[in-house]
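S.K.: Spelled out, the chains give:
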Amino acid sequence: MIVRGKPGFLALFFVYHGSIIPRVIPQILLVALLSSVVVWVHLKFPSLFPQLNTASFGFIGIALSLYLGFRNNACYDRWWEGRRLWGQLLFEGRSLLRLGLSYGGGQSALHRHIVQCLMAFTDCLRDQLRNQDPMPKVRRWLSAADCATVDQAVNRPDRILQLIGEQIALEVSKGAIDSVTARNFEQRLVALSAVQAGCERIFNTPIPFAYMLLVHRVCYIYCFLLPFGLVADSGLATPLLTAIVAYAFFGLDELSCDLEQPFAINDNGLALNALTRTLERECLQTLGEHPLPPPVASHNYRLN
Amino acid sequence: MIVRGKPGFLALFFVYHGSIIPRVIPQILLVALLSSVVVWVHLKFPSLFPQLNTASFGFIGIALSLYLGFRNNACYDRWWEGRRLWGQLLFEGRSLLRLGLSYGGGQSALHRHIVQCLMAFTDCLRDQLRNQDPMPKVRRWLSAADCATVDQAVNRPDRILQLIGEQIALEVSKGAIDSVTARNFEQRLVALSAVQAGCERIFNTPIPFAYMLLVHRVCYIYCFLLPFGLVADSGLATPLLTAIVAYAFFGLDELSCDLEQPFAINDNGLALNALTRTLERECLQTLGEHPLPPPVASHNYRLN
Amino acid sequence: MIVRGKPGFLALFFVYHGSIIPRVIPQILLVALLSSVVVWVHLKFPSLFPQLNTASFGFIGIALSLYLGFRNNACYDRWWEGRRLWGQLLFEGRSLLRLGLSYGGGQSALHRHIVQCLMAFTDCLRDQLRNQDPMPKVRRWLSAADCATVDQAVNRPDRILQLIGEQIALEVSKGAIDSVTARNFEQRLVALSAVQAGCERIFNTPIPFAYMLLVHRVCYIYCFLLPFGLVADSGLATPLLTAIVAYAFFGLDELSCDLEQPFAINDNGLALNALTRTLERECLQTLGEHPLPPPVASHNYRLN
Amino acid sequence: MIVRGKPGFLALFFVYHGSIIPRVIPQILLVALLSSVVVWVHLKFPSLFPQLNTASFGFIGIALSLYLGFRNNACYDRWWEGRRLWGQLLFEGRSLLRLGLSYGGGQSALHRHIVQCLMAFTDCLRDQLRNQDPMPKVRRWLSAADCATVDQAVNRPDRILQLIGEQIALEVSKGAIDSVTARNFEQRLVALSAVQAGCERIFNTPIPFAYMLLVHRVCYIYCFLLPFGLVADSGLATPLLTAIVAYAFFGLDELSCDLEQPFAINDNGLALNALTRTLERECLQTLGEHPLPPPVASHNYRLN
Amino acid sequence: MIVRGKPGFLALFFVYHGSIIPRVIPQILLVALLSSVVVWVHLKFPSLFPQLNTASFGFIGIALSLYLGFRNNACYDRWWEGRRLWGQLLFEGRSLLRLGLSYGGGQSALHRHIVQCLMAFTDCLRDQLRNQDPMPKVRRWLSAADCATVDQAVNRPDRILQLIGEQIALEVSKGAIDSVTARNFEQRLVALSAVQAGCERIFNTPIPFAYMLLVHRVCYIYCFLLPFGLVADSGLATPLLTAIVAYAFFGLDELSCDLEQPFAINDNGLALNALTRTLERECLQTLGEHPLPPPVASHNYRLN
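So the sequence lines, in the order shown, correspond to chains P, F, D, E and Z.
Just so we're aligned: 54 in my numbering is position 54 of the first sequence, and the numbers increase by one with no gaps anywhere.
Just so we're aligned: 71 in my numbering is position 71 of the second sequence, and the numbers increase by one with no gaps anywhere.
Just so we're aligned: 201 in my numbering is position 201 of the third sequence, and the numbers increase by one with no gaps anywhere.
Just so we're aligned: 288 in my numbering is position 288 of the fourth sequence, and the numbers increase by one with no gaps anywhere.
Just so we're aligned: 17 in my numbering is position 17 of the fifth sequence, and the numbers increase by one with no gaps anywhere.
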C-alpha cells in the first residue's frame, strides 16, 4: 500500500513511486509508435485511411468502458473486502484477548495460550495468502508439539483455531469457565474461521479468466484501430491522443489486476505486515512484555 | 473455473482454453458475412444505403449497453454469491468439526457421526446443484439405515442435517453436553441450512427469462443493422468493425450466461469438486485417517 | 416465473411465452405509425423537419437511460430480495422442523403443532401477498379454535407465529424443554417475523409514483419526437428504427413494472406456489405422511 | 407516499397528484423563456450564435448525468433504508409482543407495560423524525411518572426503551423470568435502539451540501447554455427541446431532494402514520381491546 | 458537515460557505487562462489548430467519467460507512447504558464505571481519528490508575473496552450478575470493538494511491487539451466552456477527496463532536447530573 499525501500540482506529474505508469509504458509506447507509422503512411498516401469514421469506435468504446468499469468495480470490491476481513480479524482477535484477560487474567496459562495461538493464526494466514512458508513464524509462537500438528495439518490456520477450541473445552471440563462464557470464546473462533474462509475465497477464486481475456483483447484492438480512425482529422496530434487514451485504459486495466489480488506484495496490495504487527504489539502488551516490537515503517512510501 | 496466469502480450491473442470465442464464433461469422454482402451491394449500388445515419445506432447502443451491463452485473453477483455460500459452507463445516473435536474428541462416536454427515451433506448438495445423482456419494459416508431415510427424503441435504440435529439432541438428553453447548452446534446447522437454501435459490431461480429474450433480440438486431449504418463511411473495413463489435457484445452476453449458473460444470463454473475435496481432506484428517485423498488437480487449466 | 431453456438462434425470434412483446406491441405500433406519417409528410414537404438535429435527442436519451437503468436496478433488487426472503422462509422453516424433530420427536404434539403452524403461516403469507383470501388454506392446517383467533387477527401470519411462541412457552413452563433450547425456537420465530415484514415492505411500498410518471412521460416524449429527428437522414428506414428503439425502451420499462411486484401472479412473478409446495412436502414427510402431494408443475413454461 | 395504480396511456399525461411537475414548472418555464429569447435574437442576428458546437454540451452533459445519477441512487438508498428500518421496527415490535404474550400472558402487567412502551416509542420516534412534539402522543400511552422522565430525557425514545429494560430486569430479579429469557427481550431492545439510531442517521445527516450545490449549479448552467448550442440547428423547436431536457433533469433533481428526507410529510415521504397505526392495531388487539382504531386511509391518493 | 437549508434560486449561485469552488478556483482559472491563450493564438494563426476533432475527447471523456464516477461512489461509501459506524457506536453505547441501569441501577459503581469508560472510549476514538491527543479528554473520565494504563496502551480505545470487560468479569465472579447477563454486556463490547476497527480501516486505508494519480493526471490532461479541440468551433466562447467543464470535473474530484477521509475536520467531514456530545449528554443524564453540557452548535453553517 502506498502511503503518501496528495502531491502538489506540478509534483503530480512527476510522481513515480506508486504510479502505474512504469507498468503500462510498453503498451503506451507501442500504441504511440503504431500511431506514428499510421500518420506517416497517411501523409504519404492520404487517400488510404479516409473511410474509417469514428462512430464505430464509439460503439466499441461503450462496450470497452462497460468492461473496464465492471472489472474495476469488482476488483476494488475484492480489495476492500480483503481489508474489511483483516479489520474483522483484528477486532475479533482483540475481543478474544479481552475475554482471555477478563476470565483468565493476564498471567494465566489460558490467556497466554490464546495470545500465542492468535498470533500464530494471524502469521500463518498472512503467509499462506502471500505464498510464503508460514511455519517459521508459527514456530515463534507455538510449542514444538503444537507446531508438529500444525505442520502436518491440511488446513494450518484452522488447526490453530482448533487448539484454542480444545483449550476452552478443557477449561469448561475443569469448571474454570462455564459453558455460557465458553460461547463467548466460541463465537470469536467462528468469526476468525469466517475471516480465513473469506480470505481464501478472494485468494483462490480470481475474476473469471474469460473476462480478463475479453477486456485485454478488446482493449488492444481498440487502441490499435484508434489511430486509423483519428488520423484523417487529427493528423500529427494522433500519436499524442492515442497515447493518452492508451494510458487511461491500460492504466485502469493494470490497476484492476493489482486490486484483484489484494494480499499480494506490491504497490497496491494491503499492508498485511503492518496489520499483523499492530495485533502483535497489542497481544504482547497484554502479556506485559517490554519493549514491544516497533510498528512497521513504510519504505519508499510503501507499506507492506 | 479456469486457473492460469495472465498470458503475455502475444500469447494473449492465441489463448484458446478459457476463451469465450469458440462459443461466439458462429455469431461473429454470421455478422461478418452479412457485412460483406452489404459492402458488396453497396459497391454495386452506392445510392442504396446512404440514408441510415449512425445516430439511431447510438440510441439503440445506449439501451443495449444498459441491458448487457445490468445482466452482466446481476450474473456476476450470482456467481460470486455462489462462491461466497460455498466459502460459508467450508467455515461452518470447520466450526462443526472444531466443536466435535472439542466436546467429543477426535475418536468419539459423536465426532465421527458429525464428520460423516457433514461430508454426506456437502457431496449431496454439490451433486444436486449439478443435476447428478447424489446417492452414490452419500452411501460412502452414511450407514445403510441413514442412507435409506436420506434416499426417501424430499429434501436430502436437509435430512442429513436432521441426522446431526437428532444426534446432538440425543447427547443433550444423555447429559453428555449441556443445552448451551448444543446451541453452538445448532447455530452451525442453521447456517448450513441457509447455505443450502441460498444455493437452491441461485440454482432454481434464473434471471427472468424476458431479460434474456430482450438482450438477445436487441443484440442481434443491433449487429445485423450495424453494417447498413457503417458501410457508407467505413467501406471495406465494415466487416472487420462489425465483427469486433459482435465479439465485444456476444462475448459478454455468453459469459453472462455462464455466470448465471455458477454451479454448472463448464469453464466458468465454480470448482465445487475442489472445494468439496478440501473439506473432505480436513474432515478425514480430524479422524486420523492416512493417507488422505489428494487435492483435485486442474486439467487443461480447468478446475471443476 | 418462466422456466425454459435458452432457445436456439431462429427460435429466439419467435418465442412468445415469456416474451414482453405482447404487452408493448401497442406502443411500438403507435410509434411506428407516427413515424410513417412523419416520413410521408417529409417526402411531401421536405423543408418542414430539417432543423431538428440529433444532438438534443442524445441529451434526452442520456437522461432517459439514467432513469430506465436506475428503475430497472431498483425493481430487480426488489424481485431478488423477494426471492431471498422466501429462501429464508424455507430454511428458517426447515430449522424449526429440525428443532421440533430433535427435541420433541416426529410423533410429538409439539412437532405436529409446529408443522401445522408453519404451513399455515406460509400459506397465509403467500395468499396475502397475492391479494387472496388466506383463510381456506389456513383452515386446512389449524384447529377451529386457532382458526378463529387467526381469522379475527389484524395481522394473521403474526398471530400464527404467536401460536408457536405460546406453545414453546408452555413446553418451557412444563419443563419439557429448557429456556436455552427455547431460545433456539425463538430465534427462528423472530427470523420468520422478519421475512414477513420484508415481504410486506416490498408488497406495500412501491417505487415512488413520481419515478414512474417521469420515466413514462420522458419515454413517450422521446419516442414521439424521435422520428422528427431521424427522418431527414434515415428516410424510409425511420419507422423501423424508431420501432426498434421503442421496443428496447418500452420493453425494459414493462419488465421493470413486473419485477417491481415480485409476488404478483404473472410471467415474471416468483413461483410462490412451487416454493410453498416444496416446504409442504418436507413438512408432511417429517410427520410420516404418505403419499405426499406432487411438486407444482409448470404450465406453458410458467411456474406460479 | 402516493398510492395509485398505473394510469392509462392518455391519463398518464394528465396525472397531477403525485407528479413532480408542479414543483419544477418555474424552472422549465424560465428555460423555455430564455430559449425563446435566444431564438428571437438568432432570427434577427443569425451570425451571433453559430460558433457553439454541441460537443462541449456533451462533455458537461456526461458530468451532469454522473452527478444526477449518483445523487439519485444515494437518495433512493436513504429512502429505502428508511422504509427498511421501519419494517424492522414493526417486526422487532411484534417479536416483543409475542414474547410478552408467551412469557407473561395477554393480561399480565408485564405485557401491558411492554405494549404501552412500544407504542410510546413508535409514536415518539415518528414525531421526532417529523419535527413534531412527541409528548402528546406519548402521554396517551405512559403513566404520568413515566411521562415525566421521558419528557425530561435528552433522548426520549431511548428513555422509553430503558423503561422496558428496567421492567425486564425487575422481572428477572423477582424470578418471574430467567436471565436466558431476558436475553430474548434484551435483543429486541438492542434492535429497536439500532432502528432509532438508523433513523436519526438519515434524519440528521443529509447528502453533503457541496453535492447539492454542484448538481444545482451545473444543472442550471447546462440548461441556460443549451439554447445557444441548439438554436443554430433546431431553430424554432429549440424552446420545446430545452424545456423537455429541463423537465427531465430538474424533475429528477427535485425527486432526489424529496427522497433524501424519507420521513418528511410530502408526496414521496414514507407513510409513517400508516405504519404506526398498523402496529398500534396489533398492539391493542393483544390487549383484547375492541373496537380497534381503523387503518389510516389515503387522501387524494396520498398516505402519510 | 454543512447544515443549511436549500438556498433559493438566486442565492444558489452566491452561496460561499460549504461550496467547493474556493478550492478549485486555481484550476478553473488556469484552464480558462490557457483557453484564452489558445483562442488568441487561433485568431492570429487560424490554420494552427484545425485538426483536433472532438471525437478523441469523447473517448478520453468516457474514461474520465468512469474514473470520477467510480472514485466518487467509493469515497461516498466510505463517508456514509463512517457515519453508519458512529451511529452504531451511539446505539451500542446506549444499550450498554440501558444494561448498566437495568442490572446495576443508576447510582451503582458498575453503571458509573461503564458510563465513564464509554465516554472515554468515544472521546479517545474521535481524537485518534482526528490526529489529536486523546489523553486530555480521557483524563476527564477515568481515574488516574486507569488513565496510566490507557496512556501506555498500544491501542488506547481497546484498553478502555478491556476495563469494562474486566469490571463485568469481576461482577460475575462476585455473583452480582450471572454469566448469561454478562453475555449481554460482552456482545456490546464486541460491537464497539467492531466500530473501532471499522473506523480505523477507513482512517488508515485510503483509496489506492494510483487511482488518485490516474484520475488527477487524466483530468488535467483532458482539461488542458480541451481548448485545442473546441477553439475551431466555439471560438470566443471556448474559455467559458472549458471553465465550466473544469468546474464540473475538478469540483467532483475535490469533493471526493474530502469524503475519502470522513473523520477529518472540514466542510464535508462528519460532525463527530456533535455526535460525541449527544452521547455525553445521554450518559451524564443517566448519572443524574444537572445541568448537562449544551448540544454542539453549528458555526458558519458548519457542525464539526
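These are computed hints drawn from the structure, not numbers from a lab.
One should not assume that every hint holds.
One copy or any two copies: either way a pair holds, since identical chains are not told apart in the list.
[What the hints assert, rightly or not] DMTMM-like mimics (lysine to aspartate or glutamate), calculated; alpha carbons at most 25 Å apart, straight line: (1) 6 with 200; (2) 6 with 178; (3) 6 with 258; (4) 174 with 260; (5) 6 with 127; (6) 44 with 166; (7) 44 with 233; (8) 174 with 146; (9) 137 with 289; (10) 6 with 133; (11) 44 with 133; (12) 174 with 258; (13) 44 with 258; (14) 137 with 166; (15) 137 with 127; (16) 174 with 289; (17) 137 with 178; (18) 6 with 254; (19) 174 with 200.
S.K.: Report the numbers of all earlier hints that the structure fails to satisfy, in ascending order.
M.R.: Of the numbered hints given earlier, those the structure breaks are 2, 4, 6, 11, 12, 13, 16, 17 and 19, listed in rising order.
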